[in-house]
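Visitor: So you can see what is in the structure, the chains are spelled out below.
4 protein chains.
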Amino acid sequence: MIRIAVLGCGRIGVMHANNIAAHPRAALAGVFDIHAPAAATVSAKTGAPVFASAEAAFTSPDVDAVLIATATDTHADLLEMAVAAGKPVLCEKPIDLSLDRVNRCAAVIAGSSVPIQLGFVRRFDPGHAAVRRAIEAGDIGDLHQVVITSRDPGMPPPAYTAVSGGILRDMTIHDLDMARFILGEEVTEVFATGSRLVDPALMDKLGDYDTVTVVLKTASGKQAIINNSRQAVYGYDQRVEALGTKGMALSENRRPHQMSLHTAEFTDRAEPLLNFFIERYREAFDAEISAFVEAVEAGRAPSVGFEDGRLALVLAEAALKSIAEARVIAVKEIV
Amino acid sequence: MIRIAVLGCGRIGVMHANNIAAHPRAALAGVFDIHAPAAATVSAKTGAPVFASAEAAFTSPDVDAVLIATATDTHADLLEMAVAAGKPVLCEKPIDLSLDRVNRCAAVIAGSSVPIQLGFVRRFDPGHAAVRRAIEAGDIGDLHQVVITSRDPGMPPPAYTAVSGGILRDMTIHDLDMARFILGEEVTEVFATGSRLVDPALMDKLGDYDTVTVVLKTASGKQAIINNSRQAVYGYDQRVEALGTKGMALSENRRPHQMSLHTAEFTDRAEPLLNFFIERYREAFDAEISAFVEAVEAGRAPSVGFEDGRLALVLAEAALKSIAEARVIAVKEIV
Amino acid sequence: MIRIAVLGCGRIGVMHANNIAAHPRAALAGVFDIHAPAAATVSAKTGAPVFASAEAAFTSPDVDAVLIATATDTHADLLEMAVAAGKPVLCEKPIDLSLDRVNRCAAVIAGSSVPIQLGFVRRFDPGHAAVRRAIEAGDIGDLHQVVITSRDPGMPPPAYTAVSGGILRDMTIHDLDMARFILGEEVTEVFATGSRLVDPALMDKLGDYDTVTVVLKTASGKQAIINNSRQAVYGYDQRVEALGTKGMALSENRRPHQMSLHTAEFTDRAEPLLNFFIERYREAFDAEISAFVEAVEAGRAPSVGFEDGRLALVLAEAALKSIAEARVIAVKEIV
Amino acid sequence: MIRIAVLGCGRIGVMHANNIAAHPRAALAGVFDIHAPAAATVSAKTGAPVFASAEAAFTSPDVDAVLIATATDTHADLLEMAVAAGKPVLCEKPIDLSLDRVNRCAAVIAGSSVPIQLGFVRRFDPGHAAVRRAIEAGDIGDLHQVVITSRDPGMPPPAYTAVSGGILRDMTIHDLDMARFILGEEVTEVFATGSRLVDPALMDKLGDYDTVTVVLKTASGKQAIINNSRQAVYGYDQRVEALGTKGMALSENRRPHQMSLHTAEFTDRAEPLLNFFIERYREAFDAEISAFVEAVEAGRAPSVGFEDGRLALVLAEAALKSIAEARVIAVKEIV
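Protein sequence lines correspond, in order, to chains A, B, C and D. When the first sequence is numbered by the UniProt record's numbering, its final residue is 335 and no position is left out of the sequence of numbers. When the second sequence is numbered by the UniProt record's numbering, its final residue is 335 and no position is left out of the sequence of numbers. When the third sequence is numbered by the UniProt record's numbering, its final residue is 335 and no position is left out of the sequence of numbers. When the fourth sequence is numbered by the UniProt record's numbering, its final residue is 335 and no position is left out of the sequence of numbers.
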C-alpha cells in the first residue's frame, strides 16, 4: 500500500482522493486544503486525517507520496518542497504558467531522483493509449500525421478564464503533450492561429482565443494537427488519430451509454458525449494513480515527468509566438 | 453479349430493363407488357424493341434469355414456356403462391437443363453475401445461430396486400431463402407466430399478419430466427447476423449517405435507412444480372434456382401451419 | 447513510461490498461468508466488521438493510429471515431454482411491507433503461416487437453448469425479466427451442442446452424474441431492441475503449466486447445500489421486486415445457 | 433531353459518357478523343457517334452542351472555344495549372453568359452536400471550424505525379474548393506545410510533397484545416467536419458494404474504404451531371463555376508560397 496525501480539495483533488481511497494498492494518507471545510468534507467521507498544512504532509512519516492538486501558482513551490522532502509527487498540470518559473524549478530539482509524475492524464486513457501502443506494435507502420481534436463542452466560468493563462497554456497544453506522446519524437516547428468566435468580447478583453489550430512538425517531417474550441455543445470532444504507412489508429469519443433512437426523421440518434473530463477520463484518472503507485513502489521515474510538463509549456509559448507573428516558430527560438 | 428480353414492365421490370441495358456484358433484347404503353416507355428510353407477346420473345432468334417480371400468377406458365423454348430464364419470386402449382411446374420442367435462376436478389447483396463468404472461409467457425431482421418501411397498398398471398408467402419468403442461404443446410423444423399490430382491421379482414417471428432449425440443431414487420418507419431494415464458434458476421443497414449531426441534445443523428428495395438492393440487382449472364454464358445452373424457390415456399407453408396450430412443424409434414 | 450488510463474499458479493463502501449515500455495515477468510479479506480492505453469522446481521441495530449474495439455495431462507427481521433486502437472482420453493417463500412473506429488491441488475443498465424510458416517453410509439440478444462470452466452469439449474433458469431468466421490463405488459404465451452446439457432450449429460431461442407474446400480440448462446467468443453480447409504431430504440454493446484500427486489409477493427458482467454492467450495479438505497430511505417498494423474480421463473418453466413439447405454452399452464 | 458531347475518353471521360447515356434527362451526343480507339470503344457500347475533332463537337447543331475531360493543358483552350461557340460547358478541374493562363482565360470569356460548370464533383456528394445544407438550415448555428480529411489510397503512377502540377494544384485543390463551399465566405489567410514521407526520393526530385496540412482563415476568423496524404492504405479517406455554435455536422467515409466481423481478437472489422474516386463519388458524379443539365435547361449559371476554379487555384498558390516562406500568406498577396 502506497500512502498518498492529497493537497488541494477542489473538484479534481476530491476526485483523486476518492480514487486513491478506493484503489487496491493505495491508501489515502490525509488531505489538506487552505479552505479547511473542503478538506474536512473529504475526511468525513473517507476517514482520512486532515493535515494542518502542506508542510505537515511532507514531513509526516505516514505519507509515502504526495498528490498536488492545489491552485496552479502553488504547484512549483510544492513540487520543490516535495523533492526536498524526498516524497514522490504526482503534480497536476501545469507546473506553472510562467516558463521562467518552470525553468527555475527545473534548476532547483535538478539531480534529484525523487519520482515526479506530471498529471497529463490523457496519456492513460485506454483509447488514446491504445493508439500509442498500436504505433509501438508497428500496426500502422511509420507514423506520418497525427490529428488531435480537443474541444471543451463550453466556456469555463469567466473568472477562471481570466486566470487560466489563456487557452494555449490551459487547454491546448494537454493536446501538445498528447502530440508529443503520439509522435514519439520531439517537435521542432510550431505554427498556430487563434480566433475569437465563441465569446469575442471576453476574448478581446483578455487577449485570449477560444478557437485555435496548431500545426506541429518534427525534424523528420511528421506532422501533428491540433484543433481546439472552447465550445462543443454536443459534449467533450476528444479524439486522437494517427496515420502511418500501414494504416490508421483512431481513438474516438465516448457516450454515457449506447442507446440509439431511430424514427421516420432519423436513425442512430445517440446521447451527447460524456461531459466533462472527470466522466470522460474516469478510467484514465484511475490508471494514472496506478502508474504513479507502480513508479513509487519501484522507485523509478514515472512514464510522464517534469520535463514533459516543461516541454509542453515550451510548445505553448511557441504557439503563442506563432499567433503573434503569423509564422512558423522553431522550437529552439523558445528556451 | 447476352441478349435478354424483359417480360413485364412494372416497377421492377423497368429497373431490370435499365440494368440490363447498362450492363457491360448484357443487352436488352426487347420488352413486353400486357399494358402496351408501359413497354413503349421502356423502349423509347432504351431503344430496345417491343414484343407483341410473351410468346414472341420466346421464339425470337435475337433473344438469348428471358427475365420474367410479370404478375405473380403468370410466372409458372411463362417459366414452362421458357423451358419449352430452351431459353434460360431469370424469374422473379415467387414462382407461384400455390405450392401445388409450383410442384406441377417442377414436374413439367423436370429433366430440363435450361438454366433457371430465381429472383432471390438478396443473396447477391454485397453485405449479406459477405456473411455467407465469411462462413465458407471459416471466419466464424461452425455456425450456430442466424438472426435475420427484415422489416418493410411501411404497409403496401391495401389492394396489393389483398392479393399478395399473405406476409409469409410475399415478404417472409425472402428471409426464408436467406436463412437457407446462410444456414448452408436444410431446415427440418419450423415455428412461427404472427400478430396484427400495424393494421389490425385489415389483417383481421384478410386473415393475414403484419408482425411475424419465425424460428427455423436444421437437423444438426442450427437455429435461424426471422423477425418481420410490415412497418419500420425509420426505413427498410435489412440485417443478417450469423454466430459461430469462432465469431459473428453481421451485415448491417445502409443509409443514403454518411452525414451525421451532433448537437446539445444528441450525437450521431443520421438519415433514415435506404428506402425501399430498389435503392437498398441496387448493387444486388446488378450482381443478380451479372450472375445470370455468367450462368447463361457458361450454360450451367445458376447458384439459386427453381428448387430454392420451391423450398422457400414449403417453409412458408410450414410457418403458416405453425401459426395455425401453435406448434413446431416438421418440414416433412409439408410436401 | 443507509448501512447495508453484505451476506456472501464471492465474486459478486465482494463487488457489491466495494460499491456500497464507495457509495455516497450508503455505508458497508459488515460482511458475512460461511468461508470466514472471504469475509475477512473484504473487511481488511473496507474496514467493515465481519458478522459471525447471517443471523447476526439481521439482528444488528447497526444494519439498516441486507444484500443477499450467498449460494442460490440459501436465498429463499435468508429472504424469509430478512423479512421476519424487518430488514429491507436486496436479493441476488434467482430467488430459488424451484418454483415450488419460490411460491412457498411468497406465501411466507405475503402481506409484509419490508422492501424487497430482486437483483435483476440489467434493468439499471443506462442503455437498456434508456430503451424503456424511450418507450415510456412515447419516442417509438406503440411497442410491437422486442429483440434481446444475450450471449455469454464462454461456457461457465462445468461444475457451475451442473448446479446452475440449466440455461433457462440461470441465464435466460435475466432476459425473461428484461423482456417483461421492456414489454411493459404480461407475457401470456411462450415458445422455446434449445440446441446442443457449443458443448454437446456436456449438454447431453446434463439434459441442458447451450443455444436457445425463446419467443414470448402478450395478450395484445406484442412479441419478444430472446436469442441466447453460452459462447460468443467476441465478448459478452448484450443488446436490447424495441420496435414500435414510431421507431426503434436500440441498446448496443460496449467496448473497453473506442480505439479502432484501419489497414489495407480492414477498417474499424475494435476491441472485443466488455467481458464479463461485472465490467459490462458496472454502472448498472452502481445504479442498482442507488435504487435500493432510495427505496429503503423512502420506505417504499423497489421498482423490481419479489414477484418479478417469481414471474421470470414462471416464464423459464414455461420455456422448458415448450422445449419438451415443441409447442406454444400458455403461461397460465404454469402456476 | 440535353445532348452532351464528351471530349476526352480517358477513365473519367468514359465514366461521364456512360453516366450521360444512362441519365434520364441527358443524351450522349457524341465523343471525341485524340486517341481514336478510345472514342471508338465508347461509341460501340453507347451507340453515340464519334466526332472527328473537338471543333466538330462545338459546331454540331446536335450538341447542346460539352463536357471537357481531356488533358489538363487543353482545358483552357477548349473552354474558350466552347464559350465562343455558345455551348454550355462542364469542365473537369483544374482549368489550368498556371494561374496566369487561368487569368487570361477569365479575360477571354469575361462578359459571356454561357453556363460554365467546374468539375468540383465533391460538392455534389450526398454526405458533404448535407453538411452544407445543415449549415444553411442553421442546424449547427454559426460556423467556427471546418476539418477536411482527404487522403488518396496510394501514390499515383510516377509519370502522372511528374506532370500533376504538384499535390497542391492536383489534389489539395479539391479540398480548397470544399473548404470554400463549406465555409460559405472567402478565405483571406493561408498557411501550409508539406512533408516528404511517403516517397521522399521522388518528392525530393520533383520538389513536391506527399503529406500536407493547410490552415485557412476567413476575415471573420472562421478556420478550415485540410490534412492530405498521398497514401492511406485503408482506402480513399474523405471526411468533412463542420463545428458551429449549435453543433457539428460530419460527413464520414463509405465502405463497399456493411458487413463486419467479430471474433475473439476483435469486433467491428469492416472492409477497407471505397477506392477510388469513381466508386466513392459515384452518386456525386451522377448529381453533377444532373446539376449541369438543370443549369443548361434553365440557361442559368451553375452553382459551381469558372471563378470557383480560379479561386481554388489562387488558394493553392498561396499555400505553395506559405510552404516556401514558412509564414501566413494573405490571399491578396496572390493575384
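Careful: at least some of the hints might be erroneous.
Since copy identity is lost for identical chains, a pair holds within one copy or between any two.
Straight line, CA to CA, 27 Å or less: simulated DSS-like cross-link-like pairs of lysine-lysine [as the list claims (entries may be wrong)]:
(1) K321 <-> K246
(2) K93 <-> K205
(3) K332 <-> K93
(4) K205 <-> K246
In case anyone wonders, no lab produced these hints; they're calculated from the structure.
Visitor: Looking at the structure, which of the earlier hints fail to hold?
Guide: 1
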